[in-house]
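K.L.:
Listed here are the chains, written in short residue letters.
There are 2 protein chains.
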Amino acid sequence: MTAVTFDLLKTDERTRARRGIVHTPHGDIQTPIFMPVGTAATVKAMRPEQVEEMGAQIILSNTYHLYLRPGHDIVKEAGGLHKFMNWNKPILTDSGGFQVFSLGKMRKITEEGVKFQSHIDGSRHMLSPEKSIEVQHALGSDIMMAFDECAPYPADRDYVKRSFERTSRWLERCKAYHEEYCERNGGESQVLGEGVNQSLFGIMQGGVYKDMRRESAAQVVDMDLPGYSIGGLSVGEPKEIMYDVMDDCVELLPKNKPRYLMGVGSPDCLFEGVERGIDMFDCVLPTRIARHGMAMTSQGRVNIKNKKYERDYTPLDPNCDCYVCRNYSRAYLRHLFKADEILSAMLMSTHNLHFLIKTMENIRHSIDEGRFSEYKKEFFDAYGEF
Amino acid sequence: MTAVTFDLLKTDERTRARRGIVHTPHGDIQTPIFMPVGTAATVKAMRPEQVEEMGAQIILSNTYHLYLRPGHDIVKEAGGLHKFMNWNKPILTDSGGFQVFSLGKMRKITEEGVKFQSHIDGSRHMLSPEKSIEVQHALGSDIMMAFDECAPYPADRDYVKRSFERTSRWLERCKAYHEEYCERNGGESQVLGEGVNQSLFGIMQGGVYKDMRRESAAQVVDMDLPGYSIGGLSVGEPKEIMYDVMDDCVELLPKNKPRYLMGVGSPDCLFEGVERGIDMFDCVLPTRIARHGMAMTSQGRVNIKNKKYERDYTPLDPNCDCYVCRNYSRAYLRHLFKADEILSAMLMSTHNLHFLIKTMENIRHSIDEGRFSEYKKEFFDAYGEF
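Keeping their order, the protein sequence lines are chains H and S.
So in the working numbering, the last spot in the first sequence is 791, and the numbers never skip.
So in the working numbering, the last spot in the second sequence is 791, and the numbers never skip.
For reference, chain H alone in the conformation it holds in the complex:
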């Protein structure tokens, strides 16, 4: 049964930064890695081979969105998500947990799961640990995430305690449901095919309370899963608090498994996460800000809407060799944005994804060469203030 395994290649001598390889049914992922997000079975405004060409090794897709539209049964009938969306490299699917909790008054949490109303048409649904895994089985992702509650910030100790303990019970149910499925199908994914299976990652919660993070970590690690995620960070807390919690809790996860920090993708957070031993990141940030005319560059953010770029015939980022920077000027990109042209989102997304993917590639090289800390300093000397 080919599922996900991890090789730890090297740990930095001066920090906790590490190099590794995640082996998946659709190929290997060099870590640390940034995963572009393809919410609705498309990385927004990108052809999939463009995402691959710029060096993306894995993408994330959203269980909540695909469950509602087009429906996981349709994706399954199409041969699974890889085939449906024409992406033949690894895919990680989230559990839908974060999305249904974000619905606010349109959802209700019980021990069984979460009842919610669709943001599309108001129709009523229920996601539970079992249902989330069932949907992810239908999608056929390489890595499935456990159904968890991402507690909000701020939240009091009592709320967070009840929440992470339920998340641990839900994780047991996710694991049991997946194991039954494996047994039923001879250890194979019905979507991925012969000799291949999906893998379940657990999620540690506990908010900003270090004692609860420790307790939650102990519970999820006890499940002996092929990978673990830190959830519930970057949900509104100040960055110093986030880094402080990470200082403490990344090392609670086993060294020989990949560690994934969910929903984080700004350059500063990527460096700070890597420094603390995180291997995997995902975020909608690069493509979302792209559609609003914001670029990430080696010299900091560029707001292409700015009047000062009207007659600027230089590339978006003078130090970038991406398709956009090789072929277009800031003046042209500003024009496209002002004219509300689709090519604006296409090109800005291309650049931003390329920027984060190349930054991660550079981070990997710097760890290989034992100069991660130096690279971090160089990067931020050029990038400037956040």
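Just so you know, not all the hints are guaranteed correct.
Which copy is meant is left open, because identical chains are indistinguishable; a pair holds if it fits in one copy or across any two.
[What the hints assert, rightly or not] Each computed EDC-like pair below joins lysine to aspartate or glutamate, with the alpha-carbon atoms no more than 16 Å apart:
| id | residue 1 | residue 2 |
| --- | --- | --- |
| 1 | Lys481 | Glu715 |
| 2 | Lys615 | Glu656 |
| 3 | Lys449 | Glu746 |
| 4 | Lys763 | Asp673 |
| 5 | Lys781 | Glu588 |
I should point out that these hints are in silico values taken from the structure, not numbers from a laboratory.
Use these hints to put chain S onto chain H, whose structure you have.
P.N.:
Just chain S, lined up with the frame of chain H:
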């Protein structure tokens, strides 16, 4: 001075269909040809090399739009439209005439030109024959169109007569302005560079009145220009009337110059135009209907929004070998449209442009092989009703 010339290669024995080559500063165009439209310096939802890869030999861009935004001076400073938009093959620019006349109450026609208000911000402007050519000089297109009035349909004889006669006087002014510019600049375009110049095409008008078409044709042909266009058709008149007018007036244009039918791009009109001796066509149709979820296929139109495609895992067009039909299903394309994903417009536009460009390629082959009429019949037997 390298400008536009035309070689007539062959005329069909049974129809007036013809094969030719238009030589331009940015390369040769095999005719008959369909020209994708890149209104605001972008073929909507397409990277330029994707347009080139599918076989587009020339695109059209709009003087009115680029004059207003970003401004022709900015395009000129950027090194001209080719460089600005990263398209190194021929470009034809229209004159802005059609767009300003379409503004209705927001424009006023005088002998001098047309005063109008911007559709973007209501600001007041004037386009005249001289101004239109000045803007097109700044854009640096290979082929410039004369500033004309496209009379509406229906319009009475008196209106059409006054209109086409003014269009002829305007053509004289366009030509004179361009000739002065050439003299001032030693016969070179200031944008296109050494030894290269732009070429001006004249436009015949006359509405649906054959006697006026003849008169208009005589006047524009008298100017001895490198190419001629038929304007004022496909503006609301029944197709039979359009074809009837074309029966009469295409042959009024000289055989040794390219003939361009403006704003026409549905498959039936392309075949009927070619059959009557037209060499060049342009239309926003393929990309516009693409953004509304409509595909042109070998079996007729497909409305991808239709519920019946929800679980249709076959390609958009079973007889198509384009990027979209090779890699995606109708179910996926329907999902993208329903989810309002940018990739929907990208893929549907890719397919539709490919379809028209390949159809034109097939038309050229069929003329080469002396079986245009047979190909036309085959095409419509498969395509069905319009």
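K.L.:
Taking the hints in turn, state whether each one holds.
P.N.:
Hint check:
1. Lys481 with Glu715: Classified as between: cross-chain Cα gap 13 Å, same-chain 47 Å, threshold 16 Å.
2. Lys615 with Glu656: within (12 Å within a copy, 85 Å between copies)
3. Lys449 with Glu746: both (15 Å within a copy, 7 Å between copies)
4. Lys763 with Asp673: Close inside one copy (15 Å), not across copies (48 Å); limit 16 Å.
5. Lys781 with Glu588: neither (46 Å within a copy, 59 Å between copies)
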